[in-house]
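There are 2 protein chains.
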Amino acid sequence: MAQRAFQDFYPDHVAHCYGCGRLNQHGLRIQTYWEGDDAVTRFRPRPEHTAIPGFVYGGLLASLLDCHGTGTAAAAMYRAEGRELDSLPAFRFVTAALKVEYLRPTPLDAELEVRGRVTERGRTKVVVSATVSANGVVTARGEVVAVPMPRSFEGPGEGGAPS
Amino acid sequence: MAQRAFQDFYPDHVAHCYGCGRLNQHGLRIQTYWEGDDAVTRFRPRPEHTAIPGFVYGGLLASLLDCHGTGTAAAAMYRAEGRELDSLPAFRFVTAALKVEYLRPTPLDAELEVRGRVTERGRTKVVVSATVSANGVVTARGEVVAVPMPRSFEGPGEGGAPS
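So the sequences go chain by chain: A and B.
For what it's worth, numbering that gives the first Met the number 0 labels the leading residue of the first sequence as 0, then goes sequentially.
For what it's worth, numbering that gives the first Met the number 0 labels the leading residue of the second sequence as 0, then goes sequentially.
Hints were generated in silico from the structure; no laboratory data involved.
Given the structure is predicted, the values throughout are model-derived calculations rather than measurements.
All C-beta atoms, glycine included, are put in the ideal place defined by N, C-alpha and C.
It cannot be assumed that every hint is accurate.
Said to hold, decoys possible - Per label pair, the in silico range of CB-to-CB distance:
(1) B:A89 / A:E47: 21 to 27 Å
(2) B:E119 / A:R3: 44 to 50 Å
(3) B:Q2 / A:D85: 49 to 55 Å
(4) B:P46 / A:P106: 40 to 46 Å
(5) B:E110 / A:D85: 48 to 54 Å
(6) A:D11 / B:P88: 52 to 58 Å
(7) B:E83 / A:T118: 42 to 48 Å
(8) A:E34 / B:V137: 34 to 40 Å
(9) A:T123 / B:P88: 32 to 38 Å
(10) A:D85 / B:V137: 35 to 41 Å
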């Protein structure tokens, strides 16, 4: 049976994200999988994800890294506890901080691979570092500081932003 | 006569960016203006720019900050030389690095204001720091390190990524 992506396990009420929600018809609907200790997302940009013609828009790369990071943070917490991704209590993470370094232009006409690992893991913060590659060449790298989803996402108040 | 946005001056071949290109029919087409020494972009998210229902997707905020930053970097260089935005030689910037801190959830049903300033300016690098606000409350802040567009955007090779 095919492996299910991290995002396939998100409950419906958190499955509307533009970047990773399987229920967002207009979104990117990224899917992330374990490959050993690496979390890997593959994504083919759409023609409109242009920066300069022929190259990928930096905001798309930021978006991929962001949702890859929060998904990986949650998956890593389940894995550390030896639990399935749909078991309770649920781990849901949002982004507190995102950094992206753009190393070279990313070609638009290629499948992109986001490959990352958890570099720090605690109950209050998980850090995921990742690269973006096209045709085997790393074109960007990023770091996501993911924090547990605050209650304020169910109403006004303080907290990080979901991604 | 109405003020023209920074992005209205981009030549056609660099006006296809998903974030800020006026010729990208599917894109965000952000527009940035001077308000004194501040550069300001106002943007109303679309319903699909959801994270958790009711809140804005973090990747959109990263995208707004990114294109706001590169546009402001170029505009600041023209301003420093007392030149119009369509005068030659042209300044075009791409993003070398982007940082975003998500401070609190950003409501989806609000006009967002990205407001920033140049905090460092040189020939090889311009840094733009900005905030994102909704209903007068700052929800995120970001920093863009913008560098002159490398020739590699006209072919393969090293360089930053456009935004």
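A quick look at each hint next to the structure:
1. B:A89 / A:E47: 21 to 27 Å: 24 Å, holds
2. B:E119 / A:R3: 44 to 50 Å: Holds - the Cβ-Cβ distance for E119 of chain B and R3 of chain A, about 46 Å, lies within 44 to 50 Å.
3. B:Q2 / A:D85: 49 to 55 Å: 53 Å, holds
4. B:P46 / A:P106: 40 to 46 Å: 31 Å, violated
5. B:E110 / A:D85: 48 to 54 Å: At 38 Å between Cβs, range violated.
6. A:D11 / B:P88: 52 to 58 Å: For D11 of chain A and P88 of chain B the Cβ distance comes to about 53 Å; the hint holds.
7. B:E83 / A:T118: 42 to 48 Å: 47 Å, holds
8. A:E34 / B:V137: 34 to 40 Å: 39 Å, holds
9. A:T123 / B:P88: 32 to 38 Å: 50 Å, violated
10. A:D85 / B:V137: 35 to 41 Å: 36 Å, holds
Hint compliance for this structure: hints 4, 5, 9 are broken, all remaining hints hold.
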